[in-house]
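> Okay, here's what each chain looks like letter by letter:
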Amino acid sequence: MSFSASNAPVKSATRAFSIQRKSALALVPLALFLIALILALSGSDYETARHYLGNPIVSILVILTILATVAHMRIGMNEIIDDYVQGNFLHVLAKAANFLFSVAVGLGSIYAALKILIGF
Amino acid sequence: MAETRQAERPLSPHLQIYRFTITMAMSIIHRITGAGLYVGTLLLAAWLLSVAMGPDAYASFQSVAGSWIGQLILFGFTWALIHHLFSGIRYLMWDNIRAFDNRTADIISWIAAVAAFAAAIIVWIVAFKLRGVL
Chain Z
1 MSFSASNAPV
11 KSATRAFSIQ
21 RKSALALVPL
31 ALFLIALILA
41 LSGSDYETAR
51 HYLGNPIVSI
61 LVILTILATV
71 AHMRIGMNEI
81 IDDYVQGNFL
91 HVLAKAANFL
101 FSVAVGLGSI
111 YAALKILIGF
Chain F
1 MAETRQAERP
11 LSPHLQIYRF
21 TITMAMSIIH
31 RITGAGLYVG
41 TLLLAAWLLS
51 VAMGPDAYAS
61 FQSVAGSWIG
71 QLILFGFTWA
81 LIHHLFSGIR
91 YLMWDNIRAF
101 DNRTADIISW
111 IAAVAAFAAA
121 IIVWIVAFKL
131 RGVL
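Respectively, the protein sequence lines represent chains Z and F. Under my numbering, read the first sequence as residues 1 to 120, first letter to last. Under my numbering, read the second sequence as residues 1 to 134, first letter to last.
Bound conformation, chain Z alone (with noise of 0.2 Å):
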């Protein structure tokens, strides 16, 4: 990746600002899935919670809800980063940290999900 002197990504900025918006608007209708799921789920005990997770319908929005998440945090995180680390050896650890959290969680959240549905 090359940096400006201000150690912006300056390749993919319109990609980025392009992937937020669309993921954004994906979020929109998921963020909503995502809060009745839990609404539906909370305090449920483990039977119930895995028969509805392992539904494959509300599996693929789940896994989806994660995907469009992972991508919107990473690009969100990384304008917070721009915004306020500074110094070259910081800026990029920050986002190399940003990267590998966003997608830690994208992974782990994914196997859960799919454990849930096929049961490996």
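Hints in this document: simulated from the structure, not taken from any laboratory. Note that the coordinates shown come from a computational prediction; the quantities given were computed from them, not determined experimentally. In this text, a Cβ means the ideal position worked out from N, Cα and C, and glycines have one as well. Relax, there's no trap hidden among the hints.
Derived list of chain F stretches under chain Z, where covered just means 3 residues or more per stretch with a C-beta under 8 Å from a C-beta of chain Z:
| hint | segment |
| --- | --- |
| 1 | 58 to 67 |
| 2 | 79 to 92 |
| 3 | 120 to 130 |
Since the structure of chain Z is already known, use the hints to place chain F on it.
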């Protein structure tokens, strides 16, 4: 040895210089809730993983989530998610040059803030009703 100090640059006025506006406050809260939700994705991952791992892990998750501190954090998560959602819809509107004059921008910002708080409360009332607590 030559001085390598950077040239003094003029600073733009910072937060305390400006008059309070609702759009400014919402911008700040949008960023804070975004950062909060960033960390909050760990809760979502933990919830899904606990279901995937089995009844014991799920029971552990439920006992933490059901404690008063867990409930407080979950309420904060709910509010932050709904607030970021409603607040974010304004940005999508503004991207498309809708509701863009000062007065309308202020109005939809107040609506987003109040509606998000009300919706978070309603979601929790419904959740408690479903669980038979209320």
